[in-house]
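**Q** Model the full assembly from the supplied sequences, consistent with the hints where possible.
The numbering of the sequence shown is the working numbering, which starts it at 30 and goes up by one.
There may be inaccurate statements among the hints.
[Unchecked claim] Below, computed lysine to any residue pairings styled on SDA-like, alpha-carbon distance capped at 25 Å:
| # | residue 1 | residue 2 |
| --- | --- | --- |
| 1 | Lys-164 | Lys-73 |
| 2 | Lys-164 | Val-144 |
| 3 | Lys-164 | Arg-152 |
| 4 | Lys-164 | Arg-129 |
| 5 | Lys-164 | Thr-151 |
| 6 | Lys-175 | Arg-159 |
| 7 | Lys-175 | Met-109 |
| 8 | Lys-73 | Leu-50 |
| 9 | Lys-73 | Leu-38 |
| 10 | Lys-175 | Leu-136 |
| 11 | Lys-175 | Ala-111 |
Honestly, the hints are just simulated from the structure, not real lab data. In this text the structure is predicted, and so the values were computed from the model without any measurement.
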Amino acid sequence: MPANGLPPLAFGEDEGDALILGLGFVAARGDPALVRAAGDALAKIAVVLPEETGDKVGTSGLLAGSGAPSPHLAVIRRAMRAEEGLRLGPTDERGASTERTVWPIALGFFGTAEVLAAWCETRDDFRHFRLGRIKAVEPSGRRHSKRRRILLAAWRLQEVSTGRADRC
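**A** Now the structure itself:
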């Protein structure tokens, strides 16, 4: 088995529906690499489904709404994976532009809003940025002194203490 492969798995009907719906969501809202990966994963699932389930992938009736993915999604995902900082050019609700250096820790997809959770150097605190309001993204080439998983755990604790834990 490849290093990042999965052993053979048997999914129940609800688990299969969850996979189909989740991959459909990614195919509808992901960056090009995620869209391709979701399609590849769905194709692999379809090939191994028992014949008696028929065309479960194509006829499930579980549909994920589409949305225009952020043009910055791929850059943000790469920075998260590499634990690299980003220089952002976000705008606020009034349209005023700012510049921030952030350490991306999580991406959230909520209805029509996509949100980046990050450690912000300017504020010396965790902040949330709507991807639709980010006008520019550039890798900083720097790594934070703390690992992303440590920052993620601290962010989750902060979300719990502020009552927003249902979103993380």
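**Q** State for each hint whether it applies.
**A** Evaluation of the provided hints:
1. For the given pair, Lys-164 sits about 36 Å from Lys-73 by alpha-carbon distance, which is inconsistent with the 25 Å threshold.
2. With a CA separation close to 14 Å, the supplied pair Lys-164 and Val-144 stays within the 25 Å bound.
3. Distance check on the hinted pair: Lys-164 and Arg-152 sit about 19 Å apart at the alpha-carbon level, within 25 Å; holds.
4. Of the supplied pair hints, the one linking Lys-164 and Arg-129 holds, its CA atoms being roughly 12 Å apart against a limit of 25 Å.
5. Between Lys-164 and Thr-151, the direct Cα distance comes to roughly 18 Å. Compliance with the 25 Å bound is thereby established for this hinted pair.
6. With a C-alpha separation of about 24 Å, the suggested pair Lys-175 and Arg-159 falls inside the 25 Å cut-off, and the hint holds.
7. Annotation: proposed proximity of Lys-175 to Met-109 holds, straight-line Cα distance about 13 Å (limit 25 Å).
8. For a cut-off of 25 Å, the pair hint linking Lys-73 to Leu-50 stands: about 15 Å separates their Cα positions.
9. Distance restraint check for Lys-73 and Leu-38: the Cα-Cα separation of roughly 12 Å lies within the 25 Å cut-off, and the hinted pair is therefore satisfied.
10. The suggested pairing of Lys-175 with Leu-136 holds, with an alpha-carbon distance near 18 Å, which does not exceed 25 Å.
11. Of the pairs offered as hints, the one joining Lys-175 and Ala-111 holds, with about 13 Å between alpha carbons and a cut-off of 25 Å not exceeded.
The structure shown violates just one earlier hint, number 1.
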